[in-house]
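When you get a sec, could you build the whole thing from the sequences and use the hints?
Just so you know, the protein sequences line up as chains A and B, in that order.
Per my numbering, numbering through the first sequence is continuous, rising by one, with the last residue being 70.
Per my numbering, numbering through the second sequence is continuous, rising by one, with the last residue being 177.
FYI, nobody ran anything at the bench for these hints, they're computed from the structure.
For clarity, every value in this text was computed on a predicted model and none was experimentally measured.
Some hints here could point you the wrong way.
[What the hints assert, rightly or not] Listed next, the in silico BS3-like pairs over lysine-lysine satisfying Cα-Cα at most 25 Å (straight line):
hint	chain 1	residue 1	chain 2	residue 2
1	A	Lys-32	B	Lys-119
2	A	Lys-38	A	Lys-6
3	A	Lys-38	B	Lys-115
4	B	Lys-115	A	Lys-32
5	B	Lys-119	A	Lys-46
6	B	Lys-119	A	Lys-38
7	A	Lys-32	A	Lys-46
8	A	Lys-32	A	Lys-6
9	A	Lys-46	A	Lys-6
10	A	Lys-38	B	Lys-121
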Amino acid sequence: MTLYDKIMAIYPQLTDNDFITVITLQNDSDGKGDYIAKWEHPTLAKPTVSDLQAQLSNIASQLQALQRVA
Amino acid sequence: MSSVVIAGDTSGTITIAAPAVSGTNTLTLPANTGTVLTTASTFGGTGPAFSAYQSSSQTLSGSTDTKITFTTEEFDTNNNFASSTFTPTVAGYYQVNSSIRVNTTTTSIRMMIYKNGSKYKIGTDIATTCNNGFVSTLVYCNGTTDYIEAYANIGVGQALSASSSDTWFNGAMIRSA
Numbered sequence: 001m002t003l004y005d006k007i008m009a010i011y012p013q014l015t016d017n018d019f020i021t022v023i024t025l026q027n028d029s030d031g032k033g034d035y036i037a038k039w040e041h042p043t044l045a046k047p048t049v050s051d052l053q054a055q056l057s058n059i060a061s062q063l064q065a066l067q068r069v070a
Numbered sequence: 001m002s003s004v005v006i007a008g009d010t011s012g013t014i015t016i017a018a019p020a021v022s023g024t025n026t027l028t029l030p031a032n033t034g035t036v037l038t039t040a041s042t043f044g045g046t047g048p049a050f051s052a053y054q055s056s057s058q059t060l061s062g063s064t065d066t067k068i069t070f071t072t073e074e075f076d077t078n079n080n081f082a083s084s085t086f087t088p089t090v091a092g093y094y095q096v097n098s099s100i101r102v103n104t105t106t107t108s109i110r111m112m113i114y115k116n117g118s119k120y121k122i123g124t125d126i127a128t129t130c131n132n133g134f135v136s137t138l139v140y141c142n143g144t145t146d147y148i149e150a151y152a153n154i155g156v157g158q159a160l161s162a163s164s165s166d167t168w169f170n171g172a173m174i175r176s177a
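Next comes the structure, spelled out in structure tokens:
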């Protein structure tokens with residue numbers, strides 16, 4: 001799950017244009033991965049590290065639920 | 001062979017020598033102040049130049065400005081290209097160019113040149129089905145600290161096409177400072 005995927009899971013109302021104009025995700029290919037280089041959205045708050053980490057937990061829970069159904 | 005020797009201002013001499021051929025040869029200096037270039041002078045034609053391409057495929061996340069990695073050098077005349085970064089050690093104006101191609105079509109591509117870690121110029125910036133992007137610009141580098149990188153942003157995360165013709169970065173000095 002990429003940083004972009006996590007942010008979209010938190011704020012599904014974001015558009016592609018938002019990621020051009022007010023939000024910049026960046027990766028400097030230095031082994032540190034994707035990060036938020038700019039967040040200037042007028043109404044949505046920049047997600048915290050815990051917000052982003054929670055998305056992984058949500059996905060894990062959903063996978064477990066699916067496995068139980070299967 | 002005739003020659004004219006001029007004593008240096010501090011030490012040494014400057015020798016102007018006639019060619020070792022018969023006939024009359026005239027050296028005419030311009031009627032204004034300037035510096036005479038020699039074969040040791042650094043100017044556009046002899047400044048640093050490099051060319052590199054991606055030989056090991058890099059996977060980019062979607063909608064993320066990502067530094068492109070170029071793992072194989074075709075040439076690097078002044079050893080100024082390392083870690084996918086061009087840091088020329090000669091001050092001047094540089095023409096730099098970069099291109100990427102993705103393996104599967106994506107929904108958008110934006111190609112960028114970064115100078116000193118910040119976005120400097122944007123080339124291709126399309127938001128329709130596409131598979132390649134290109135950027136080309138002229139940039140001044142101070143010959144000490146300035147550095148240049150190529151970044152790209154693709155709409156659908158995927159691997160780049162790693163080949164010398166598809167994903168590459170090159171540049172050369174075209175004018176001295």
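**Request:** Starting from the hint list further up, note which numbers the structure goes against and sort them upward.
**Result:** none
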